[in-house]
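A.B. asks: Sequence:
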Amino acid sequence: MESFVFRVGELYSNEEIYTQLSVGNSGGIRVSLGEDKLPHRLVVMTQSHSRQSTSENPYSDRIEGDVLVYTAAGKEGDQALSGVNQRIPQQVEHRFPIYCFSRMTSRRESRGNPRQWKFMGLLQFLRYFPSKQIDVRGDLRSVWQFDLRVHAIDVPVDPSDDRVVGESVLSEPTDDDDREIDSHEDGSMDPAIVETERKRLLELHPEAFERTVRDVVAASGFRDVCVTKYSNDGGIDVTAFAGEAMWPLGDMQLQIQAKRWLHAVGRPDVANLRGSLAPFASGAVVTTGHFSKAAIRESVAEGKRPIVLIDGYRFAALSYSRCNPANPRN
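Numbering of the sequence shown is given in full-length UniProt numbering, commencing with residue 1 and proceeding in unit increments.
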């Protein structure tokens, strides 16, 4: 009898997933334990992301580039890193495969068609960290966010031998400092106001976010501020020159990369921006998310051009104070 295999891009039913992978039949994170009571494999079930889901819930799980941003279970109140959520980081030590399936239709649309779960590939744990969100009641809360690299492998995955394929995924090097996040928050403003503004920024299309960065830079005293042609290629998004009030800087040029991301910006992103800068230009990365400690270290590396890093909390405070019409001072 031919073995049952999972192929990236193909659809499977919930029954096929839980029977073939020996996991529970419900839940966003499902665990298969070995005889030693340690995880043998994990299955992460998420929802297909769309522009509509961003506007309805900007914190919704999504794949940004090759990174799945996954928030622990619970829509109200503070989250605790417990239960199945705490299993995900254990991949680093125990090296088990994590399958990722994404629901491609709503429950209502899927009636009569049980195969609605698309196999996205195997996941590699990158990092987890506490973050802030506005919950369904409009209250500020603490949550746990996971960044997981999606490996859309081109070979079928046989559950009876998935440790071998999983090991090939886990063998890809990861900077340990890129796992750690700098979670410092801007303390100059009410955290609830800051997170409400960050939520608004996350709801924007990436192109609209670039225009918002332009407006904040212009309101900060820079001149000749413009957005480059939208390409979503990770290059320069906004350029500007020092304004008259910044006269000691002369005609200094500023080049900015704008990242409307939930997942953390890592060291390679900072290094790549530095390589894209014009001669003598200063560089900055503005994100709605966080920076890893490795990214921060790279931004001030000795002998290299420094890169200014503005995380989501700091930029949300700047955006609200300088450009948001909801602020009575604007």
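The hints are simulated quantities; they were obtained by calculation from the structure and are not laboratory data. Take these hints with a grain of salt, some might be off.
In silico DSBU-like links for lysine-lysine, alpha-carbon gap of 35 Å or less [stated by the list, open to error]:
id: 1; residue 1: LYS118; residue 2: LYS229
id: 2; residue 1: LYS304; residue 2: LYS293
id: 3; residue 1: LYS199; residue 2: LYS118
Estimated spans, in silico, between C-beta atoms of each pair [claimed, not checked]:
id: 4; residue 1: PRO89; residue 2: GLY65; range: 51 to 61 Å
id: 5; residue 1: HIS94; residue 2: TRP247; range: 56 to 66 Å
id: 6; residue 1: GLY9; residue 2: SER82; range: 25 to 35 Å
id: 7; residue 1: SER231; residue 2: PRO268; range: 17 to 27 Å
id: 8; residue 1: ALA73; residue 2: ASN113; range: 25 to 35 Å
id: 9; residue 1: ARG223; residue 2: SER168; range: 46 to 56 Å
id: 10; residue 1: ASN113; residue 2: GLU93; range: 46 to 56 Å
id: 11; residue 1: GLN86; residue 2: PHE4; range: 50 to 60 Å
id: 12; residue 1: ASP251; residue 2: GLY27; range: 51 to 61 Å
Just so it is clear, CB atoms sit at the ideal spot from N, CA and C, and this is done for glycine as well.
A.B. asks: Which of the numbered hints above does this structure break?
C.D. replies: Violated: hints 4, 10 and 11.
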